[in-house]
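K.L.:
Since chain F is already given, all that's left is putting chain A on it; use the hints.
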Amino acid sequence: MNEDDAVEMIYEHQEEQQSLDTINKLEHREEHSVLEADMVKGEPLYPHEVTRDSVLSLYIIALFFYLSAFIPPPLHEAADPTAGTAFPPPLPDWYLLWAFGCLKVAWDIQILIPLSSIPFLGLNDIHLFLMTAKVWGTLVQGMIIGLVVAVPFLDRAIGALIDPQYGDVINRGHERRPIEDPVRAAIGVYGIALVIMLSVFSVNANIAMYYPQVNTDVLSQLTLWGPIGCALITYIFLDRRRSEGAKPLTDEERFDLYTDGITDRRMQRIYEFKLNRCYQCGLCDDICPVRDMEGENELNIIFNTFQNEHDGVAMWSCITCGMCTAVCPQNIEYIDYVLEQRALTTMGVSL
Amino acid sequence: MNRTKPYSRTIPHPLFERLIVEDAMNEEKESWKPERPHEYGYFPGCVDFMDVEVKFTHLNKGDADHASIAAASIKLLNYADIDPLILDMNIFKCSGHDQLWQGQLEVFDALKEHNMRRLKESGIKIITCSCAECYRTFAVDYDLPGTLGIKVEHITQTLQGRGLKFKAPEGVTVAYHDPCRLGRMMGEYEAPRDLIQLVDGATMVELENNKERALCCGVSSMMYCNDATKAVRRKRLDQGTDAGIDLMLGGCPKCYMHMQCMLNEERMNPDEGHHHDYEMMDLMQFLVACLEEEN
Chain F
1 MNEDDAVEMI YEHQEEQQSL DTINKLEHRE EHSVLEADMV KGEPLYPHEV
51 TRDSVLSLYI IALFFYLSAF IPPPLHEAAD PTAGTAFPPP LPDWYLLWAF
101 GCLKVAWDIQ ILIPLSSIPF LGLNDIHLFL MTAKVWGTLV QGMIIGLVVA
151 VPFLDRAIGA LIDPQYGDVI NRGHERRPIE DPVRAAIGVY GIALVIMLSV
201 FSVNANIAMY YPQVNTDVLS QLTLWGPIGC ALITYIFLDR RRSEGAKPLT
251 DEERFDLYTD GITDRRMQRI YEFKLNRCYQ CGLCDDICPV RDMEGENELN
301 IIFNTFQNEH DGVAMWSCIT CGMCTAVCPQ NIEYIDYVLE QRALTTMGVS
351 L
Chain A
1 MNRTKPYSRT IPHPLFERLI VEDAMNEEKE SWKPERPHEY GYFPGCVDFM
51 DVEVKFTHLN KGDADHASIA AASIKLLNYA DIDPLILDMN IFKCSGHDQL
101 WQGQLEVFDA LKEHNMRRLK ESGIKIITCS CAECYRTFAV DYDLPGTLGI
151 KVEHITQTLQ GRGLKFKAPE GVTVAYHDPC RLGRMMGEYE APRDLIQLVD
201 GATMVELENN KERALCCGVS SMMYCNDATK AVRRKRLDQG TDAGIDLMLG
251 GCPKCYMHMQ CMLNEERMNP DEGHHHDYEM MDLMQFLVAC LEEEN
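Chains F and A supply the protein sequences, listed in that same order. Just so we're aligned, residue 1 is where the first sequence starts under the working numbering, counting upward by one. Just so we're aligned, residue 1 is where the second sequence starts under the working numbering, counting upward by one.
Please note: incorrect hints may appear among the correct ones.
Derived contacts from chain A toward chain F, CB cut-off under 7 Å, selection only [claimed, not checked]: (1) H38; (2) Y40; (3) G103; (4) Q104; (5) L105; (6) C180; (7) R184; (8) E212.
Simulated restraints, written as ranges between beta carbons of each label pair [as the list claims (entries may be wrong)]: (9) D21(F) - G171(A): 34 to 40 Å; (10) S68(A) - Y279(F): 45 to 51 Å; (11) T250(F) - N90(A): 56 to 62 Å; (12) E15(F) - D238(A): 27 to 33 Å; (13) R254(F) - V205(A): 39 to 45 Å; (14) Y279(F) - G187(A): 55 to 61 Å; (15) G187(A) - V148(F): 46 to 52 Å; (16) E39(A) - T250(F): 41 to 47 Å.
To spell it out: a stretch of chain F is covered by chain A in this simulated footprint if at least three of its residues, at any positions, have a beta carbon under 8 Å from a beta carbon of chain A; those stretches are [as the list claims (entries may be wrong)]: (17) 278-291; (18) 318-329; (19) 340-346.
What the hints contain is simulated information worked out from the structure, not anything from laboratory work. Glycine included, every Cβ here is placed at the ideal spot set by N, Cα and C.
Here chain F stands alone, though its shape is the one from the complex (with noise of 0.2 Å):
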């Protein structure tokens, strides 16, 4: 066997081992993959986690039991919230009067079952009680949570009925201003204004301490009309400004209400505000040709200005060919940043 020969044979060992290594890479590539590394770090929700917090849960639980078994309420009876015999009476938190003036506006919710205008028979009527007024009281402010809570729920409910295109409203969104959906904000309206008089009324007594002219009635009166009023004066402005033709904002409208609005740092070209729509897609690292000749794995472009990682090799490699403006699905102008920051750089250097 002659030297050649003997370089052919060792080739084609090399080649054959290096085609099952990528066999075997291939085989076993979920094994070795950095994503399935990943995802078994930490533990599961079930069991691991739930038997854990149900352990803890119920400890705690059983502590609350003994206590209360054993030990006597420190406090007294109950508070009665119409009771009325301190004056003038004791409030709570101002953030939780809404929920005081709920239990103060419910009634007595009883069925009048008028038996005496049978004739001949002589019955009395008949005052059945549904619910005393301290449980229903009690009830609208589960009511009210409840139906912050349902919200979203209801709302797609509604849209299926109306519109059964309108039912995949979780993938498309739905409108957000005001002026788009006068409907949604009057009554966002009128959940407001409802519990700015519930907090109102809540505090009735007091106020009628200092304005007598100002009684109870007159504050049921303007707790039950003044939330219609305001959403419909809402509703009414709104739909008067639709029908005016007002448009969605466009990007440079929203940037200078953007900088009118914020003083203590103030953009200063539309291409920054822009920068910061930036998802790290690296559709503009794909396509930059300046990267696919010189920078390898490292010419991130986008991605590295908007964490600020760039060490000007960006800037001056660039070619300003705008590929990276063209392929972005945020539009955003780089070459305007690259424009402006070698300016910045050169200004006193030129001449």
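P.N.:
Structure of chain A alone, referenced to chain F:
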């Protein structure tokens, strides 16, 4: 971050850029008036300076003739019954595109001030450029439509839809190379292609990357010419070989300059094994050649 490759970070000053900068810093105060009123103005750009550059330096030993782009453009405009006012370098100065993109704002502002004053004195309604970079600079950075009310057009847009007829000398296969300033920045992809479609006997093919995804010629604003930018250019030229073309047409004199430089360099060094068997031409040069053949 460790970088193994050295990057050049300086801006070299080619000869013609020094000339333009010297020119920009000499203020001219006296007023000027054209002999007769014109509707159209034609701005040839810095093609004269480019010729000086390639003749004085040994960058390009080929036969690239940039001034013929201006001559061809004027001839085509006359053929389309347009009598343009020639805004050449005796009266105007460079548009300042390269200086702006190199960050030399002082030079750019001086050039812009001079050119705006001259444009106001000239009294033209529409300005047309054969250079994509000048087109972008006038339309966006000068904002001529907004400030002086002058409409800015690329010469392909001016010639489009004027009933021109061309005939190619023989059945040639051509491809259009989109300049970045004309295509991606100004959004004009169709006007040059429409013009090429008018030529009888010429078959137009699209390169692998075209329109929005067109590859760059590699040297924007004369920043530098190094191995990386040459690799970008070679990638583009290879696509031309793959498409089997006889001519690559560009809409920008800078593309013509850099591509032709690369082709000539390859022909001078045949040992390196890179060879592209076709020519680069500016679109205006190609159209005027087809025009002469018909006459």
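K.L.:
Could you run down the list of hints and mark each one as holding or not?
P.N.:
Here is how each hint holds up against the structure:
Hint status for H38(A): violated, given a least beta-carbon distance of 33 Å to chain F, over 7 Å. Given hint, Y40(A) at the interface with chain F, is violated; its Cβ is 28 Å from that chain's nearest Cβ, farther than 7 Å. The interface hint given for G103(A) holds, since its Cβ lies 3 Å from the closest Cβ of chain F, which is under the 7 Å cut-off. Annotation: Q104(A) was flagged as interfacial toward chain F, and the flag holds, the nearest CB pair being 4 Å apart, inside 7 Å.
With 7 Å as the threshold, the beta carbon of L105(A) comes within range of chain F, its nearest partner Cβ sitting at about 5 Å, so the hint holds. At its closest, the beta carbon of C180(A) sits 4 Å from a beta carbon of chain F; the interface hint therefore holds under the 7 Å criterion. Annotation: R184(A) was flagged as interfacial toward chain F, and the flag holds, the nearest CB pair being 4 Å apart, inside 7 Å. Interface restraint check for E212(A): the shortest CB-CB distance to chain F comes to about 4 Å, inside 7 Å, so the restraint holds.
Roughly 52 Å separates the CB atoms of D21(F) and G171(A), a value that falls outside the hinted 34 to 40 Å. Between S68(A) and Y279(F) the beta carbons are some 48 Å apart, a value that agrees with the proposed interval 45 to 51 Å. The hinted window of 56 to 62 Å between T250(F) and N90(A) is violated, with their beta carbons roughly 43 Å apart. Taking the beta carbon of each, E15(F) and D238(A) are about 28 Å apart, inside 27 to 33 Å as hinted.
Judged by the Cβ atoms, the range 39 to 45 Å given for R254(F) and V205(A) holds: they are separated by roughly 43 Å. The supplied range of 55 to 61 Å is broken by Y279(F) and G187(A), whose beta-carbon atoms lie about 25 Å from each other. A hinted range of 46 to 52 Å for the beta carbons of G187(A) and V148(F) is consistent with their spacing of about 48 Å. At about 34 Å, the beta-carbon gap between E39(A) and T250(F) misses the expected band of 41 to 47 Å.
Proximity of the segment 278-291 of chain F to chain A, defined as three or more residues with a beta carbon under 8 Å from a beta carbon of that chain, is established by the 3 residues found. Here the segment 318-329 of chain F counts 8 residues with a CB under 8 Å from a CB of chain A, which clears the bar of 3, and the coverage holds. Counting residues of the segment 340-346 of chain F whose beta carbon lies closer than 8 Å to any beta carbon of chain A gives 6, which meets the minimum of three for the stated coverage.
Checked against the numbered hints given earlier, this structure breaks hints 1, 2, 9, 11, 14 and 16; the rest are met.
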